[in-house]
Amino acid sequence: MNALKILYHHRIASKDGQYVHIEEIINSLTKQGHDIVMVAPEVAEGSDFGSSGGWVDDLKAKLPGFVYELLEFAYAFYDFFKLAAAIIKHKPDVIYERYNLFLPSGIWASKLFKVPLILEVNAPLYQERKKFNGISLDALAKWTQQYCWNQADITLPVTNVLADSLREVNVPEHRIDVIANGINLDSFGEVTAAPNLPINLAGKLVIGFVGFCREWHGLDRVLDTMAAMNNPNLVFIVIGDGPAIEPLKQQAQALGLSDQMHATGLVSRADMPKYLNTIEIALQPDVVAYASPLKMIEYLAMGKVILAPNSPNIKELLTHEDNALLFDIETPASFGEGLAKLCEDATLREQLAIRAAETITEKKLTWDSNAERIVAHAKRLYEQ
Numbered sequence: 001m002n003a004l005k006i007l008y009h010h011r012i013a014s015k016d017g018q019y020v021h022i023e024e025i026i027n028s029l030t031k032q033g034h035d036i037v038m039v040a041p042e043v044a045e046g047s048d049f050g051s052s053g054g055w056v057d058d059l060k061a062k063l064p065g066f067v068y069e070l071l072e073f074a075y076a077f078y079d080f081f082k083l084a085a086a087i088i089k090h091k092p093d094v095i096y097e098r099y100n101l102f103l104p105s106g107i108w109a110s111k112l113f114k115v116p117l118i119l120e121v122n123a124p125l126y127q128e129r130k131k132f133n134g135i136s137l138d139a140l141a142k143w144t145q146q147y148c149w150n151q152a153d154i155t156l157p158v159t160n161v162l163a164d165s166l167r168e169v170n171v172p173e174h175r176i177d178v179i180a181n182g183i184n185l186d187s188f189g190e191v192t193a194a195p196n197l198p199i200n201l202a203g204k205l206v207i208g209f210v211g212f213c214r215e216w217h218g219l220d221r222v223l224d225t226m227a228a229m230n231n232p233n234l235v236f237i238v239i240g241d242g243p244a245i246e247p248l249k250q251q252a253q254a255l256g257l258s259d260q261m262h263a264t265g266l267v268s269r270a271d272m273p274k275y276l277n278t279i280e281i282a283l284q285p286d287v288v289a290y291a292s293p294l295k296m297i298e299y300l301a302m303g304k305v306i307l308a309p310n311s312p313n314i315k316e317l318l319t320h321e322d323n324a325l326l327f328d329i330e331t332p333a334s335f336g337e338g339l340a341k342l343c344e345d346a347t348l349r350e351q352l353a354i355r356a357a358e359t360i361t362e363k364k365l366t367w368d369s370n371a372e373r374i375v376a377h378a379k380r381l382y383e384q
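Sequential numbering from 1 applies to the sequence shown in the UniProt record's numbering.
No lab work stands behind these hints: they were computed from the structure. The C-beta atom is built at its ideal place from N, Cα and C for all residues, glycine as well. Hints may contain errors.
[Said to hold, decoys possible] Within a straight-line C-alpha distance of at most 25 Å, the following computed DMTMM-like cross-link-like pairs (lysine to aspartate or glutamate) qualify:
(1) K62 to E72
(2) K5 to D35
(3) K114 to D138
(4) K60 to D35
(5) K142 to D164
(6) K364 to E344
(7) K89 to E358
(8) K341 to D186
(9) K341 to D220
(10) K204 to D164
(11) K204 to D177
(12) K89 to D164
(13) K341 to E383
(14) K341 to E358
(15) K249 to D259
(16) K315 to E246
(17) K363 to D259
(18) K131 to D153
(19) K274 to E383
(20) K315 to E72
[Claimed, not checked] Ranges between beta-carbon positions, derived for each pair:
(21) Y147 to H174: 16 to 24 Å
(22) A376 to G189: 22 to 30 Å
(23) D345 to K111: 55 to 63 Å
(24) A85 to D328: 49 to 57 Å
(25) K62 to G189: 38 to 46 Å
(26) T30 to A85: 20 to 28 Å
(27) K91 to D345: 55 to 63 Å
(28) V67 to Q32: 37 to 45 Å
(29) K62 to K130: 31 to 39 Å
(30) P198 to V37: 31 to 39 Å
(31) H174 to D345: 26 to 34 Å
(32) R373 to W216: 14 to 22 Å
(33) L348 to Y382: 28 to 36 Å
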C-alpha cells in the first residue's frame, strides 16, 4: 500500500504552541500523499492561531476541580461516538492521537474497531497537572494515563527523558519510538527579510530570547551580564511578551541599558523567521525536564549560536561546544559566564552556528522526516 487514510485525533481546545505540532504533522502527511480525517474539538478547528480555548478555559476557571475533571472524562464518551462515526464512515488504516489526560476514547475505538493506534506523547500530563494545578480525581487521572500509554500500539514520546516515564509504567521498549519535534524548512530555511524595529542593530551583537517571558526564565541575568561587560555594541531582544517584560525594562533602565534592550510583543508564526533572523546568540535559559522545545529546533535551523542548559533532554540534541554552549543548571553563575564567553569569542560563535545548522540534517529534525517515521509505523501495524 502507498497512501494511507489516517484518522487524526486530539482534544486541544486552543491554537497555541501545541497546535504547531498538530498542523505541521498534518501538512507533512498530506504533502506525502496521505488522507487525513480529523476528529477534534470544533473550538480549535474553527479558531485562529494564537487564540485560547475560549469557553473551555472559562469553564475550567469557574468550576471546582473535580467537576471539571468529571466533565473531561465524560467528554471521552461523547468523543468515542464521534470516533466511531468517523471510523465507520471513512474506514481509516490507522488512528494517530495526541495524548491527553482523561481521554481513553481513542483506545476504546481502536480496540472495538480493530484499528491500530499510534499515540504521540508530549508530556506526562498526570504528573504535570498534579504538580502545577493539582488533580482532584487522582486515581482516575493516573489510570487513564497508564491505560492509554499501555494500550497504544506504538507510543511516540518527544524525548528519551519522557520515554523513561513510559518505561516506568511497563510500556515495552518495542512500542516506544522517540521522535523529537521538528522544523518546516520551507519556513525556516534561507530568510533575508528583517522586521522594522525601533532600535538600531547595525554593527551590533544581538542576543535574543523567543517566547512568553516569565520571571523563572531568569532573563535578568542577561542584563546583569551586559552591564558587567559594559559593551555598547550588545543588544538584547525579547521576541514575545509576558509578565516579566516590565520588570526587565525597569532593570534595563536602572542599569543604563534602555537603549540596548527591546521587547517586540507578540509575533505571528509567519513573521517569526524574520525576527529570528535579527539575532545571533539565541537563549534557551530554562526548559521543562521532559520537553523537546520547538524554539530550540528553530534556533538550530537558522544557524543560531545557542546557549542552553545541560539538562538530559537538551543533551539529546545539543552537545557542549559542538552545536551549542551548555551552561550548568546547578551553578547560578554558569549562565552569565557562558553568555559572556559567547559575546567575547567570535570564532566560537562562528563554529557553533555552522554546526547548529548541520544538526537539522544530521538528526533529521524536520516535520517531513517525522511524518515518514509515523507512516512507517502505520504501514507495519496495518500489515500485521
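Results of checking the hints against the structure:
1. About 14 Å separates the Cα atoms of K62 and E72, which keeps this hinted pair within 25 Å; it holds.
2. For the proposed pair K5 and D35, the alpha carbon gap of about 5 Å is at most 25 Å, so the pair holds.
3. Taken as a hint, the K114 and D138 pair is broken in the structure, with Cα atoms around 30 Å apart against an allowance of 25 Å.
4. Restraint check: the Cα-Cα separation between K60 and D35 comes to about 34 Å, which exceeds 25 Å; the hinted pair is violated.
5. Of the pairs offered as hints, the one joining K142 and D164 holds, with about 16 Å between alpha carbons and a cut-off of 25 Å not exceeded.
6. Between K364 and E344 the CA atoms are separated by roughly 31 Å; this puts the pair beyond 25 Å, and the hint is violated.
7. A C-alpha spacing of about 44 Å is found between K89 and E358, which places the hinted pair above 25 Å, so the restraint is violated.
8. Distance check on the hinted pair: K341 and D186 sit about 33 Å apart at the alpha-carbon level, beyond 25 Å; violated.
9. As the CA atoms of K341 and D220 are separated by approximately 17 Å, the hinted pair is consistent with the 25 Å bound.
10. For the hint linking K204 to D164, the alpha-carbon distance of about 43 Å lies beyond 25 Å, and the restraint is violated.
11. For the hint linking K204 to D177, the alpha-carbon distance of about 43 Å lies beyond 25 Å, and the restraint is violated.
12. Between K89 and D164 the CA atoms are separated by roughly 37 Å; this puts the pair beyond 25 Å, and the hint is violated.
13. Note on K341 and E383: the hinted pairing is violated, with a Cα-Cα distance of about 54 Å set against a maximum of 25 Å.
14. The straight-line distance between the Cα atoms of K341 and E358 is roughly 22 Å, inside the 25 Å bound, and the hint therefore holds.
15. Of the supplied pair hints, the one linking K249 and D259 holds, its CA atoms being roughly 10 Å apart against a limit of 25 Å.
16. Between K315 and E246, the direct Cα distance comes to roughly 32 Å. Violation of the 25 Å bound is thereby established for this hinted pair.
17. A C-alpha spacing of about 39 Å is found between K363 and D259, which places the hinted pair above 25 Å, so the restraint is violated.
18. A distance of roughly 28 Å separates the Cα atoms of K131 and D153; the hinted pair therefore is violated under the 25 Å criterion.
19. A C-alpha spacing of about 44 Å is found between K274 and E383, which places the hinted pair above 25 Å, so the restraint is violated.
20. The suggested pairing of K315 with E72 is violated, with an alpha-carbon distance near 35 Å, which exceeds 25 Å.
21. Range check, Y147 to H174: Cβ separation about 19 Å, and the 16 to 24 Å hint holds.
22. In this structure the supplied range 22 to 30 Å holds for A376 paired with G189, their Cβ-Cβ distance being about 25 Å.
23. For D345 and K111, the Cβ-Cβ distance of about 57 Å falls inside the hinted range of 55 to 63 Å, so the restraint holds.
24. Range check, A85 to D328: about 53 Å between beta-carbon atoms, so the 49 to 57 Å window is met.
25. K62 and G189 have their C-beta atoms about 45 Å apart, which keeps the hinted 38 to 46 Å range intact.
26. Separation of T30 from A85 is about 22 Å and conforms to the stated range, judged on CB atoms against 20 to 28 Å.
27. Checking the proposed 55 to 63 Å range against K91 and D345 shows it holds: the Cβ atoms sit about 59 Å from each other.
28. Separation of V67 from Q32 is about 43 Å and conforms to the stated range, judged on CB atoms against 37 to 45 Å.
29. Between K62 and K130 the Cβ separation comes to about 21 Å, which falls outside the hinted range of 31 to 39 Å.
30. Evaluation of the 31 to 39 Å hint for P198 and V37 yields a failure: the beta carbon distance comes to about 47 Å.
31. Checked against the given bound of 26 to 34 Å, the beta carbons of H174 and D345, roughly 45 Å apart, lie outside it.
32. Between R373 and W216 the C-beta distance comes to about 33 Å, which lies outside the given range of 14 to 22 Å.
33. Restraint check, L348 to Y382: a C-beta distance of roughly 49 Å breaks the suggested window 28 to 36 Å.
Violation of the numbered hints given earlier is confined to hints 3, 4, 6, 7, 8, 10, 11, 12, 13, 16, 17, 18, 19, 20, 29, 30, 31, 32, 33; the remaining hints are satisfied by the structure.
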